[in-house]
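Here the protein sequences line up with chains V and L, keeping their order. Take the first sequence: its position 165, counting from 1, is numbered 164 in numbering that gives the first Met the number 0, and each next residue is one higher. Take the second sequence: its position 216, counting from 1, is numbered 215 in numbering that gives the first Met the number 0, and each next residue is one higher.
It is worth saying that the hints were derived from the structure and are not from the lab. As the structure is a prediction and not an experimental result, all values here were calculated from the model. Honestly, I wouldn't trust all of these hints.
[What the hints assert, rightly or not] Restricting the straight-line Cα-Cα distance to at most 30 Å, the calculated cross-link-like pairs of lysine-lysine (DSSO-like) are: (1) Lys92(V) with Lys197(L); (2) Lys53(V) with Lys130(L); (3) Lys184(V) with Lys92(V); (4) Lys184(V) with Lys53(V); (5) Lys197(L) with Lys184(V).
This is what each chain is made of:
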Amino acid sequence: MDFELIYTAFPKILGGLDKTIILALASLSIGIILAVIIALAELSRYSIIKNVAKGYVYLFRSTPLLIQIFLIYYGSGQFHNFLDSIGLWMFFKDAWFCAILALSLNTGAYTSQIIRGAIETVPFGSIEAAYAIGMTKLKAFTRIIFPIAIRIALPAYGNEVILMVKSTSLASTITIMEITGVSKKIIAMTYQPIEVFMIAGFIYLMLNFILTQLMVILERYLMRHTY
Amino acid sequence: MDLSLLGWGNSGWLDEFSIGMVMTFSVSIVAFIISLFFGVVFANFKLSSYRSLRIFGNVYTTVLRGIPELLVIYLFFFGGGALLRSIASALFGYDGYIDLPVFIIGALCIGLSSGAYSTEVIRGAILSVRKGQLEAAYSVGMSRRQVAIRILFPQAARYALPGLGNIWQFVLKDTSLISIVGFVEIIRVATLGAGSTKQPFLFYFIALLLFLFLAWISQRVFYRIEAWSKKGEKSLQ
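Use the sequences and the hints to build the structure in full.
Here's what the structure looks like:
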């Protein structure tokens, strides 16, 4: 064990933490908005909307995230001139934009299934009661269905958050130097993978531990009326 | 778009893509078997009556579910190479460069990572076999081994199937990460093709379709297996 390497490499790898957090937070926030929209579309009465949503979810859940990232980042290059003419090239040439876009679309598809499942398990009596006292569809959704569904969805969403933190490591394949990217660079320079792996692994585990605890606190806060 | 690129032979990429698909599939199979192996071993550890084994099992699932697969791959590919070379020079005095068996090491990395998820699936399945079933088996005089093989395993396997179907899909997608260290599967072929033809969208899109195809086929196969495994249940109801 090379302790000097650990001493010098730790701050460098920790320097990638902010990028990991930004990637995860940005894509989780965009992803959850997307997920609610998709979940509602899947529960829609119109079969076209329903099928588009189902197709989107199927596409993103059954293909690797790596290829989604490559398709957006490298694939957009094939349409360089077209994207340039409508002014979108400045976004697609940016690795950050592509990484966050791919991660958001990906987590949106997974999270939509969690939310849809939760909405479907909201007790029917609660919805009926809401209509019975004269709530409109929108009111019943925002005041009754959604708040109950969020509580049901929370544990599964906690897992999705952890999976997303892990997924941000793929951003290193398109030049973003987050934790895994920095680690790979140091491994390639020093050829001492075990020490570097331990540092990076430790940082990921700590990050995931903190996130799990935050989810527990959030769950306790949302469930405060149920006890 | 030039569709002759998708032909068979030297100018087309169809043959390369076919090989890539076979490689993705076969490395996934090996990784899945390794994952099941780790799953069975660590599920038994987590259900063991020895505290130290339980802790070991918990450490495995916590660590490997929290660390990105890519990092595990980097550890094995950079660390494994150094390890192999040091063994070779110590035992045989060979100082040359040794190429790592990418297929096996890659499958091992993915199997090790997804094994943490398999562990939870298998542990859950074992726990959902009803106690009465085991008690009945012991009461008719079966040995521990007999109970495990005749009663516990067949029922647990049935409960585990849906979860294992998810793990297979997970493994299938994760093997794409081995392309980053040079393993030639679907994505690597797409990258090579995109590089030499300057048509990245076309090539990555084909790779996407191939993965969709593999996922669709696997889904159907697992559906069949699940239906088959439930064959006996109806008559009991």
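Checked hints:
no.	hint	verdict
1	Lys92(V) with Lys197(L)	holds, 16 Å
2	Lys53(V) with Lys130(L)	violated, 40 Å
3	Lys184(V) with Lys92(V)	holds, 23 Å
4	Lys184(V) with Lys53(V)	violated, 40 Å
5	Lys197(L) with Lys184(V)	holds, 27 Å
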